[in-house]
Amino acid sequence: MTKKIAVGMSGGVDSSVAAALLKNQGYDVFGIMLRLWSEPGQSTNGQNRCCSPESITRARQVAAMLDIPFYVLDAKNVFHESVVSFFIDKYSSGVTPNPCLECNKNIRWGHLLEKSLAMGASHLATGHYARVDKRGDKWFLLRGSDQNKDQSYALSMIGQKELKHTLFPIGKYTKNKIRDLAKQFDLPVAERQESQDLCFLADRNYRRFMHQYAPKSMKPGPITNSKGEKIGDHKGLPLYTIGQRKGIGISAKEPLYVLEKNMSTNTLIVDKHSKLGKNHLSVNKVNWISGDPIHKNFRAKVQLRYTARAISAWILPKNDKELNIKLDKPINDITPGQAAVFYQNDSCLGGGIIIT
Amino acid sequence: MNKRIYMDHAATTPVDPEVLEVMIPLFTTEYGNPSSIHHWGQRSEYILHSSRETISKSLNCETDEIIFTSSGTESDNLALRGIALEAYHRNKNNHMIISSIEHPAIMNTAHDLKTKYGFELTILPVNQYGLVEPHDLANAIKENTILVSIMYANNEIGVIQPISKLSEITKASNILFHTDAVQAAGQLILDVKSLGVDLMSISGHKFYGPKGIGALYIKRNIPFRSTQTGGSQENGLRAGTENVPLIAGMAKALEISMSRYKDDTIKMTQLRNLLIDTILQEIPDCYITGHKKQRLPNNASFVFDNIDGNELIMNLDIYDIAASSGSACKIGNPEPSIVLQAIGLSSNLSLGSLRLSIGRNTNQDQVNYVITMLPKIISKMRGTP
Chain W
1 MTKKIAVGMS
11 GGVDSSVAAA
21 LLKNQGYDVF
31 GIMLRLWSEP
41 GQSTNGQNRC
51 CSPESITRAR
61 QVAAMLDIPF
71 YVLDAKNVFH
81 ESVVSFFIDK
91 YSSGVTPNPC
101 LECNKNIRWG
111 HLLEKSLAMG
121 ASHLATGHYA
131 RVDKRGDKWF
141 LLRGSDQNKD
151 QSYALSMIGQ
161 KELKHTLFPI
171 GKYTKNKIRD
181 LAKQFDLPVA
191 ERQESQDLCF
201 LADRNYRRFM
211 HQYAPKSMKP
221 GPITNSKGEK
231 IGDHKGLPLY
241 TIGQRKGIGI
251 SAKEPLYVLE
261 KNMSTNTLIV
271 DKHSKLGKNH
281 LSVNKVNWIS
291 GDPIHKNFRA
301 KVQLRYTARA
311 ISAWILPKND
321 KELNIKLDKP
331 INDITPGQAA
341 VFYQNDSCLG
351 GGIIIT
Chain Z
1 MNKRIYMDHA
11 ATTPVDPEVL
21 EVMIPLFTTE
31 YGNPSSIHHW
41 GQRSEYILHS
51 SRETISKSLN
61 CETDEIIFTS
71 SGTESDNLAL
81 RGIALEAYHR
91 NKNNHMIISS
101 IEHPAIMNTA
111 HDLKTKYGFE
121 LTILPVNQYG
131 LVEPHDLANA
141 IKENTILVSI
151 MYANNEIGVI
161 QPISKLSEIT
171 KASNILFHTD
181 AVQAAGQLIL
191 DVKSLGVDLM
201 SISGHKFYGP
211 KGIGALYIKR
221 NIPFRSTQTG
231 GSQENGLRAG
241 TENVPLIAGM
251 AKALEISMSR
261 YKDDTIKMTQ
271 LRNLLIDTIL
281 QEIPDCYITG
291 HKKQRLPNNA
301 SFVFDNIDGN
311 ELIMNLDIYD
321 IAASSGSACK
331 IGNPEPSIVL
341 QAIGLSSNLS
351 LGSLRLSIGR
361 NTNQDQVNYV
371 ITMLPKIISK
381 MRGTP
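Note that the protein sequences, when read in sequence, are chains W and Z. Counting in this note's numbering, the first sequence runs from 1 upward without gaps. Counting in this note's numbering, the second sequence runs from 1 upward without gaps.
Rather than coming from a laboratory, the hints here were simulated on the basis of the structure. Note that the coordinates shown come from a computational prediction; the quantities given were computed from them, not determined experimentally. Just to be clear, a hint being listed does not mean it is correct.
Looking from chain Z toward chain W, a few residues come up when the C-beta cut is under 8 Å (computed) [stated by the list, open to error]: (1) Pro14; (2) Asn310; (3) Glu311; (4) Asn315; (5) Asp317; (6) Ile331.
Quick reminder that beta carbons are idealized off the backbone N, C-alpha and C, glycines included.
Sequences are here, hints too, so could you generate the full structure?
Okay, structure coming up:
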């Protein structure tokens, strides 16, 4: 019997080509899209940007052109529970969460994978720029071949159980090649906005969202410099991110940057650019792609944001779930709540959440 | 065996080959406008009138009591708005009564008349089988009641209303009675006299005719006004050039349906009962919706505990079975079915519904395949071995 494969389709060129490639390889392919929760609002008509009616229509058209079935799966409640609530909680607690990682972990490689397997699929395929490789009895998550497009950072929270059932059909191609393939397959080359980050906000203003959905977390408090001298007042810590310059609301001779948010004293600490920069960070909730935690200190390249360049570092494990990282050179915007993801060559070893 | 199995005839049916044959020349050679004076116009007018005759015979009414529309929905709109606006114009009476399990074409039109035009609306409850109780209707009637609209057979759960019993009540009070017979047409007797109705909607594609064509029976001399202005087609009640090919197709389809009505009923009832009995027996925590006997011969409808109806339809489709669910939504936005909530089911159960609707070409093998696969799919979805 031909293998059945579920393809997560967004209506964009990447997932469309992914579906076309699999169909061409002779698999029994069906397309699937998640309907996610979205904040009710005027500008977006209450539609999540990851699954707007236009993108549903586009994906449905592509599926029809490829002659594969296409379904939209309701995931509004699970998405709200595990991504939106997480987002609100984390911001309220002073850190800057990355909802895409949470969504990939709980929704795409949780809910969607589970439903796809239940529908008889052996694999879930997506249009991510990343690769899966089996070496020996282990599954590896590799960076996408197109360095500028690599999305392995956002996938660093999945593991063996998920990778075993995962395909990234476009991961070995460059974006240009994907556009060419789309033309060859006669597919529309609709570009989605690069970042669908915060797809569930009615606008792109998370500060407004937090005011509305977590007003209690917006407690005004003091702004101090790194010596502890009060130099102003802030409007609530969730409104600021580490490294932020604009919008602090204090005029000074030299521009000021957010260095730290002290939740216990509700203090925002700001100072000049020269005070920014750290090379030590500690990380928890570590996920090891191989399923086998490394206990010895090791060298790796560390990526601290979705679009950041990886920096060489020492990884200093404390236990299975926690470790410290010593970067070879300091970085200005180490942001608690974001993921620190470690690589050796093109292999993603795993990642964790930055605490400090 | 033939791969895909179509068990969604309540959504729409294939066009009968004989119907198609009747229609084709009307697109290409006999394409005249029935309003034209010349040869082509005369041919088209003849075909139009013959079609009206065919349909009026099936409905046991006069030809001038049939108005062609573009759909069941348009017929329902025309019926409610045409009666409501005229009655209000005449004597300011403005109360309407519908049931709580009407199709959106009635439900939303009635709500529109209420919210935008100030009409008064009573929505009758139904019992656990989806039946309107005659005494509820009798109690709802007021001095200013102008119209009662109750569907002949329900699209989701297939329950058949005692229309003649209900229309007796309105007749005594001189109130007009409309029935949405879209789902019933082709399967039940459409005699407007024995049903005692003043208006009735039907739609071509539910009985092996084409999509995009419907009809409304309007009893002679009832107070009615058109809601669309333009030419004087359809007795001045529905302006716009008549869609002759589709009208002829619908007439042929209804004629065929009526001629084979008895045989189809026997065959479909037997297959439907096999579906219902086996599924209720094989699948735990599964309930039939609607009335066990008083239901359309082609409709088998259920709810399942702990099942998402939307996902059930996707899973069935993966196994080549086309079915439907009251809460199903193509854009992944399921809402509990209003009909199922009206018969007293929890919103949780209302999300887990399934409608299998067979057709005149459904065979025993197909039914066997469905009753073999469905229990497996349900237990897999529930995660029980």
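(Q) Need the list of violated hint numbers for this structure, in ascending order. (A) Per hint list: single violation, 1.
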